[in-house]
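**Student:** Chains as they are written, first to last, in my numbering: chain A, 5 to 567; chain X, 22 to 168.
It is worth saying that the hints were derived from the structure and are not from the lab. Some hints here could point you the wrong way.
What the hints assert, rightly or not - A few chain A positions that, by computed beta-carbon distances, are all more than 12 Å from chain X:
| hint | residue |
| --- | --- |
| 1 | 98 |
| 2 | 350 |
| 3 | 360 |
| 4 | 363 |
| 5 | 396 |
| 6 | 412 |
| 7 | 486 |
Stated by the list, open to error - Heads up, simulated DSSO-like pairs for lysine-lysine below, C-alpha to C-alpha not over 30 Å straight-line:
| hint | chain 1 | residue 1 | chain 2 | residue 2 |
| --- | --- | --- | --- | --- |
| 8 | X | 59 | A | 343 |
| 9 | A | 394 | X | 111 |
| 10 | A | 540 | X | 122 |
| 11 | X | 122 | A | 387 |
| 12 | A | 395 | X | 122 |
| 13 | A | 387 | X | 105 |
| 14 | A | 343 | X | 48 |
Every value quoted in this text rests on a predicted model; they were computed, and no experiment measured them. No residue lacks a Cβ here, since even glycine has one placed at the ideal position from N, Cα and C.
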Amino acid sequence: MDLISRRSEAPGNGSEQPAFASSVAKLPKVASAIVASVSLLVLAGWAFNIEFLKRVFPDAVAMNPMTAVAFLLSSAGLWLYRADVSDAPRLANIRRTAFLCAAAVALTGLLMFLGYAAGWDVGLDRVLFASNLATAGGDPNIPNRMAPNTALNFLLAGSALLLAGSRDRRLGWLIQAMLLFVIFTSFLAFLGHTYDAPGLYKVSPFIGMAVNTAACFMALGVGILAVRPNQGVMAVVASPRMGGVAARRLLPVAFLLPVALGWIRLWGQRADLYGTEFGLGLMTTASVALLSMVILGIAVSLDREDSERGRAEGEIRKLNEELERRVLRRTAQLETANKDLEAFSYSVSHDLRAPLRAIDGFSRILLEDYSERLDEEGRRLLKIVGDNGKKMGALIDDVLSFSRIGRREMESADIDMNALAASVFEELKAGTGGRSVEFDVEPLPRARGDRSMVRQALANLLANAVKFTRPRSEARIRVAGRVDGNRCFYFVRDNGVGFDMKYADKLFGVFQRLHGPDEFEGTGVGLAIVKRIVEKHGGEVWAEGEIDKGATFYFVLPRPAGA
Amino acid sequence: METQEVEILLVEDNPNDAELTLRALKKHHLANSLVWVKDGAEALDFVFARGIYAGRSVGNAPKVILLDLRLPKMGGMEVLEQIKADERTKTIPVVVLTSSKEDRDVVESYRLGVNSFVSKPVEFEQFVETVSQMGLYWLLVNRPPSP
């Protein structure tokens with residue numbers, strides 16, 4: 005109770021909910037510790053004859069030593085119940101011990117209660133400190149025993165602890181009912197002691213429940229309730245919403261206010277300040293007035309929090325709308341930029357080619373028509389002009405196809421990679437000029453993606469393999485692949501000139517080349533296109549190589565869903 | 022004005038490209054009866070026998086029209102659209118001969134009813150080869166409908 009009332013003073017705003025939830029999670033251990041210390045103190049009281057430890061108030065009923073032992077067992081059971089051990093066999097052991105503790109408590113309660121009902125003296129409560137018990141009843145005519153209501157509460161609390169692990173909802177309600185019964189009967193007994201009304205804590209002619217026993221039962225009840233914080237009463241109290249906040253603030257008042265007022269009323273009546281009717285009227289008026297004030301105060305603070313929450317929600321909505329507007333504006337800007345880019349590349353594709361054609365064309369015409377008037381050097385220079393025109397054309401084509409891939413919509417299909425590799429190689433073979441190229445394709449898994457894009461990627465990789473094996477008398481190109489989870493890994497390996505691994509990260513950059521134009525022709529766009537295509541498919545591409553030992557290019561594509 | 026039979030109508034604004042095209046066609050003696058116009062409006066005047074071509078008859082159609090897409094005044098697409106929209110001229114074979122390799126140009130041309138789409142290669146030898154093949158096909162191999 006004390007944790008809840010402490011928390012209830014704090015405003016129930018969002019940031020503190022986890023803190024509250026964690027203090028609910030701590031309740032079982034806190035309750036277990038309280039119960040254990042009280043019962044140890046009682047046992048110490050019995051052992052060293054310290055009356056205060058046994059009974060708190062002079063001449064009141066003392067807690068029976070067996071009751072203290074049963075509390076110790078309950079406390080152990082509750083503590084072990086919340087043990088946080090990840091090791092499975094150890095956890096099972098701990099659970100078993102907790103179960104045995106709870107069972108012993110329930111059995112003790114059952115035996116004692118049945119003993120009372122059948123008029124049969126079980127004697128279980130006279131095992132410890134037997135010689136001291138006879139004169140320690142509180143009422144000198146009754147020896148100290150475990151009271152019948154104490155026995156019943158042990159039966160209920162022990163059973164509740166036994167069943168606390170169950171996930172059954174109906175059992176959950178039964179447990180709650182049993183625990184609430186335990187809590188309220190002990191509350192009654194507690195009041196009986198504070199108001200000095202023995203009828204509230206004892207069933208004549210038997211001995212009554214001790215005040216420390218009543219306090220322990222209340223703590224134990226709350227602790228076991230908190231084992232399942234998501235169920236029933238605890239769920240309401242622990243709720244982070246308005247209802248939970250109201251419950252946490254009102255419940256302590258509901259418990260403490262009537263107790264205090266009742267006690268004042270009783271005190272005044274006993275001091276003969278007023279009669280029963282007058283006292284009752286006074287207490288009722290005071291209750292109504294104080295409770296109304298508390299309720300109004302809580303309502304005002306809840307209202308304030310609610311309106312703050314409303315304002316915060318409004319602000320979030322406003323921010324969201326602003327964000328949406330900004331996204332729309334940005335999207336429009338991006339669309340404009342994209343259109344500009346498209347228009348640019350369209351005009352590049354049209355207008356930049358014509359002058360190049362003229363450069364190549366007319367230098368060739370010059371060579372054809374005026375070759376007898378040009379000397380060797382003149383022809384060589386003209387050829388350089390033409391060659392550069394051609395090269396510029398190739399560059400423009402590659403850059404355009406690179407930028408086109410970025411803008412293109414992807415189509416998705418299952419791709420037969422074996423057929424694709426075979427057809428690409430068939431095309432490339434025409435350009436090998438009769439070189440010996442051994443092409444070895446292992447069975448490849450099917451991939452999922454845009455067929456023409458994947459074809460281009462594979463064509464670029466194989467064309468590279470063909471190109472960079474040119475110095476080899478026996479060129480060997482191997483393609484293989486395997487499935488891993490929902491991805492397919494492929495590689496293209498050649499025995500060509502390879503590359504230095506220290507430039508591995510430069511391979512895939514646009515216009516990045518590791519060879520001069522006099523060694524191997526190329527624009528340095530091919531692998532950049534491969535990377536862009538593979539990344540558009542959500543895959544990755546990388547390379548391994550060694551100078552003069554060949555190169556291997558790996559790439560990853562998604563796997564078809566049904567395969 | 023002129024009443025003689027025209028085999029090729031070349032619609033090309035770039036004089037260099039026109040000269041290269043003519044040279045390629047001449048190698049195979051395909052440029053004997055070729056008319057070269059430099060913009061889209063003039064091309065339509067020729068086809069529909071208007072303006073300076075008023076003396077022609079619409080029925081006296083060329084065997085093939087070689088049409089560039091980037092043209093001053095009126096673009097190639099619009100020329101193509103008007104030719105293919107008119108009952109009298111829609112049967113004239115039109116070949117788009119352009120620098121463009123853009124997919125959308127190809128798709129749009131075919132949507133408008135083009136008979137062939139040819140990209141002009143940058144490299145001279147390939148250019149000559151492509152243009153002559155095209156000329157040979159449309160003038161000698163292909164059989165157009167009789168007027």
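**Student:** All hints are to be evaluated individually against the structure, with a verdict given for each.
**Tutor:** Going down the list of hints, with the structure as the test:
no., hint, verdict
1, 98, "holds, 70 Å"
2, 350, "violated, 6 Å"
3, 360, "violated, 5 Å"
4, 363, "violated, 9 Å"
5, 396, "violated, 8 Å"
6, 412, "violated, 9 Å"
7, 486, "holds, 34 Å"
8, 59/X - 343/A, "holds, 29 Å"
9, 394/A - 111/X, "violated, 37 Å"
10, 540/A - 122/X, "holds, 23 Å"
11, 122/X - 387/A, "holds, 26 Å"
12, 395/A - 122/X, "holds, 17 Å"
13, 387/A - 105/X, "violated, 43 Å"
14, 343/A - 48/X, "violated, 42 Å"
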